[in-house]
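Starting from the known structure of chain H, fit chains Z, R and A onto it as the hints suggest.
There are 4 protein chains.
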Amino acid sequence: MSHNSFGHLFRVTTFGESHGPALGCVVDGCPPLIPLEAAEIQAELDRRRPGQSRFTTQRREPDTVRILSGVFADDRTGGRQLTTGTPIALMIENVDQRSKDYSEIRDTYRPGHADYTYEAKYGIRDYRGGGRSSARETAARVAAGAIARKVLPGVTIRGALVQLGPHAIDRARFDWNEVGNNPFFCPDAVAAVQWAEILDEIRKDGSSIGAVIEVVAEGVPPGLGAPVYGKLDADLAAAMMSINAVKGVEIGDGFAAATLRGEENADEMRPGNGGAPAFLANHAGGILGGISSGQPIVCRFAVKPTSSILTPRASVTRDNRPAEVVTKGRHDPCVGIRAVPVGEAMMACVLADHYLRHRGQVGERAPFREG
Amino acid sequence: MSHNSFGHLFRVTTFGESHGPALGCVVDGCPPLIPLEAAEIQAELDRRRPGQSRFTTQRREPDTVRILSGVFADDRTGGRQLTTGTPIALMIENVDQRSKDYSEIRDTYRPGHADYTYEAKYGIRDYRGGGRSSARETAARVAAGAIARKVLPGVTIRGALVQLGPHAIDRARFDWNEVGNNPFFCPDAVAAVQWAEILDEIRKDGSSIGAVIEVVAEGVPPGLGAPVYGKLDADLAAAMMSINAVKGVEIGDGFAAATLRGEENADEMRPGNGGAPAFLANHAGGILGGISSGQPIVCRFAVKPTSSILTPRASVTRDNRPAEVVTKGRHDPCVGIRAVPVGEAMMACVLADHYLRHRGQVGERAPFREG
Amino acid sequence: MSHNSFGHLFRVTTFGESHGPALGCVVDGCPPLIPLEAAEIQAELDRRRPGQSRFTTQRREPDTVRILSGVFADDRTGGRQLTTGTPIALMIENVDQRSKDYSEIRDTYRPGHADYTYEAKYGIRDYRGGGRSSARETAARVAAGAIARKVLPGVTIRGALVQLGPHAIDRARFDWNEVGNNPFFCPDAVAAVQWAEILDEIRKDGSSIGAVIEVVAEGVPPGLGAPVYGKLDADLAAAMMSINAVKGVEIGDGFAAATLRGEENADEMRPGNGGAPAFLANHAGGILGGISSGQPIVCRFAVKPTSSILTPRASVTRDNRPAEVVTKGRHDPCVGIRAVPVGEAMMACVLADHYLRHRGQVGERAPFREG
Amino acid sequence: MSHNSFGHLFRVTTFGESHGPALGCVVDGCPPLIPLEAAEIQAELDRRRPGQSRFTTQRREPDTVRILSGVFADDRTGGRQLTTGTPIALMIENVDQRSKDYSEIRDTYRPGHADYTYEAKYGIRDYRGGGRSSARETAARVAAGAIARKVLPGVTIRGALVQLGPHAIDRARFDWNEVGNNPFFCPDAVAAVQWAEILDEIRKDGSSIGAVIEVVAEGVPPGLGAPVYGKLDADLAAAMMSINAVKGVEIGDGFAAATLRGEENADEMRPGNGGAPAFLANHAGGILGGISSGQPIVCRFAVKPTSSILTPRASVTRDNRPAEVVTKGRHDPCVGIRAVPVGEAMMACVLADHYLRHRGQVGERAPFREG
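Protein chains in written order, with the numbering used here: chain H, 46 to 416; chain Z, 46 to 416; chain R, 46 to 416; chain A, 46 to 416.
The shape of chain H in the complex, shown without the other chains (with noise of 0.2 Å):
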């Protein structure tokens, strides 16, 4: 059962709330022996962190990460501080809770939130910030994606916002440097510009908008996921899904693929360097079969318009009554931003776990292929 966990042999479960005390997580399964250090885990956090620019929550939480378990460093370890084996848990104490701000959405319900169906499935809720359904668990897979990602050596993976709104970038212009030259994660050097004013028209509006997110893996071997619901496309699109306001997900062409033929979309091949195949293009987004290709993973996932806005919204109370909701509380105009890094730490934690399972069942390398 996986209520708040994803994984398998790299399993991650995370728990706490926006108000809360704090958030955090356990990552059980990472191997043992891997230098780890809470300055690496807080590199990471600190992208996805609020309040670096006018365009994401004005919320002041520093979001610093302590490393619980899991990790020990004496003499013996060289001093480096190595992971043991044993799981990784991780504290981010909540700071700059203002909980007042929320008090008169005790009652009501925001259209477009969790409020209502998380009242529906329990007969209560945290209704500060959101509790659970706020995207500060998200911090929690940041964090848990920053050791992933060391548990894959020779992998690189990247994220970044592709779509603001209806604004999609340039592909002509796509540059992996330019990512992180804008408060957007936009690889897109004149849609930052454009998107900057774009969005400054919304957030003065109250309003927010939507985005869709590209993060793409390099490096990884093929041979990771397994056929049927072990399928490393089936695990991307329940990670991706589980980020707060994911409404939709593709690998490769994605729904594009539906619009082609059988030749245009197989992505032919030629004799490559060292006995695996050099493939001519990736309409597959490097998935076939459920299993890696060895060609870069490609994944897009949209994100919708944040629901609390300043326009006024008809809604119903708790005893339903009929009710006009405006949230005033602190929020990010568009959160597909500070989703990029998510998406990223999401991919990172899907392929730790399937290049794990794939060792255990596998092991290092088949015995067939070497004859």
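In short, the hints are calculated from the structure, not lab data.
Chain A regions said to be covered by chain Z (calculated; three or more residues, Cβ under 8 Å): (1) 60-67; (2) 74-85; (3) 108-120; (4) 128-136; (5) 166-176.
Just a sample of chain Z residues kept apart from chain R, beta carbon distances all over 10 Å, derived: (6) Asp91; (7) Ser98; (8) Arg111; (9) Gly124; (10) Asp215; (11) Ala359.
All C-beta atoms in this analysis are idealised placements derived from N, C-alpha and C, irrespective of residue type, glycine included.
Showing chains Z, R and A alone in chain H's frame:
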């Protein structure tokens, strides 16, 4: 772990290769005392069965299902065959294997197919008809889905092909009653006529085409699902992406939601009957925060074109030499068609699992809601 | 996968090392709307806490628990703190670590201890106080068990030490009320006096001794458990065997059942009140075919003597040279004593999990039984 | 969830009732490229098969196994049938069902049997031959165990009956070579002769008797297992307790360890060959801290006497009226005998699972150990 299983409380494990002796599944966790006859499962299988029109593979498989365990009938049960709560094993014997058809692809990888990746992972593959990666595996899912439907009283699950290649239906003509009137599960009578011509052309070219399927579940109570990785939509995404050839999954507005502003996307509410809110729109596709809202659950997925085509494609052999591949076996020109009942089955299995999980954690009704 | 987790619907994941910053657990799947205060968990922890008599380790740990998530209180809940259905994270900070005590066993393996096997598995170990293999980990179990108890209305779970070394209690003097009157959780007042003398002797010798614990759950309804690997007794056996130093588990008559004839062992029945049978004996320990019978569930487990002793033992160093080991740290002369509340906690967790699993698969009541 | 499954990376799901059409299992996660013939599985099944001597049930079941999936042979594999990494489904058809034998217990519960508890849980039971609670289910385990053995190169797993009722073997006469020379899997030639007389008596009385089985695995490398709930001994305890009629499980000295002092119980070490320590004793039964030590793994379990006996016992009917029960079907006077190969199979499955889990988390060899 779940290489070949899905679900938790309603758990399905499938097995079998395209040209092996049999395929099937074990359904573990089905509630007891549910009337279940093989004929009910057979009826669903017959909707997915190959060879029913010129638009699907001409392999002639009766797909006769046999219940091996988990049901019981005698005079105490009034002669009805009821589930007993123990695992229900289902077996479908393969009848029309023509293994010789596939001997030529023994040593060559079909572009766009799982041939290479299975070999890369396991060092071996049952290449006959695609082995485990064949769409024949989905028969087991449809059988399991027939049982799952019986676990969900009052829920209606229907699927339709809403796009064939680039040709989408006209939403204004959407009519569930049309779905059974054409060989495409198409809800638009006009589009169905056009599609027949288009697909005849593609079939004669020895080519194939992609498609988009929409599955809708009505009558789902609010409250199914769970936070984070137990999200109902995360499980749906994994379920649909685990179907062969699927490259994208959407819930509700899906990728279109990324283009919306917050006030457009937020489904407003007004007081409804029975204490539950009435929604004025369903951009969310019936799921908010990973939990069902009581609205229809709407899921779409994209299927790529079959890579088994008559057009020659460049590829490599197992020992990394150049080769040209033409796939002569019997194949579906549009695998998306038969994916419609498969998508319905996966929706049913995911909902049955979440229904039992909810009942387990929260009970039939939570005390707070009664007050 | 479950390296450090147990349970399915009521799922507990523990973390932490003896001398790390903190230990704790995440309880996922707890039903919502259950009143839960930290003080209730603390009360159970205090029963397991070290340093309460001269017969347990002199390490002074307050074992103060902090609830990090999953509960909520405000005026809507009548001021009571209730579970919300989201994961409950608990943290206990380590206070009285004296790491220098353990420096001498850094490179030498204690015979009978996990030192060598952790090193063999992971290539590294946190040797300070036994790291993850320390009995301190069981504090997290007791905390989780305190929550599990609240999930089980009407169930009473009690444990007792019924054998210290070769010295068993007199069954005729068994009195649950005595358990709290002595530092051994001993239900036999006479034995408790004798045991104090025996254990003083052992303590002065710098030695240690084994023990047998009995845990009984009363008020468990019939029907919990499941066939084959979901057997209630299989899960209890795993739960008890997972406690440090446990080497054997019995249900009901246990090993003595092997000596019986069929007519002696079969617990006869006569018509009981409320439609359920009344049993005339309980050789089965309340479980038949893996499913609870409604009788008291009786489980016993054997704890070996601590291997951390002052008597010198032959061993080897990490680089395989001969060595003699004396363990000077603070240790329990009989770890079995503090295993009593741990065994109760494990019983509670297993029963809570099976209660929710049963409710999920079968519902609050199965329709057939009403007829 | 695991109602009818066990293991994680090597995962076995069983199905089938005593008098249904068939029973079997799906083994998911078996590594690829392992030679596997049905005859190898059959050889293990034949050791468990009923009707081989007058001391087991006279039901005549050939227990012929059929491999439905997961293996492949052609000239590429040198004609050998190899596992492919996909799920291996095994089916055994039931042949000699005499359902009329059981009609009298349709409405009456056999004391000591699962009749009442299945009914209490599910509101229905397949009473024919005990349905799912029949020992026939263990055939599927033995079949799975035959595959598990092939996953464990260099490991020898053997079982023996070491106690029949109160009559234990003489440890000084323990000889593995004797196990195949008598119908009891008895390693003591003298005891075997005495047991034949004792069991003839019991059989003529229409009674039954309990037993103790010992299973030993040699050649297990150090490092298998994991902390806390992933302990190797916790999984063994669950595995053995999940066998029908088992009431107790011990590792190494088991309950006798409770009577020892620390210096007696601690297995001393001296420097061994190849860098690993040589142990001077094995009180621990090859497992320390839940992880294998490299010593033989020793597990014992107690089997209660069959409750299906000819001696009349007081019971109740389904509608709670008094009744007397005599079980006339064909039954084992000592089910413990045929539990020997079942115990071996469970040991094999648990070890195979932990071997793959270890390989997954840590890899074939951890880098630190090489230095």
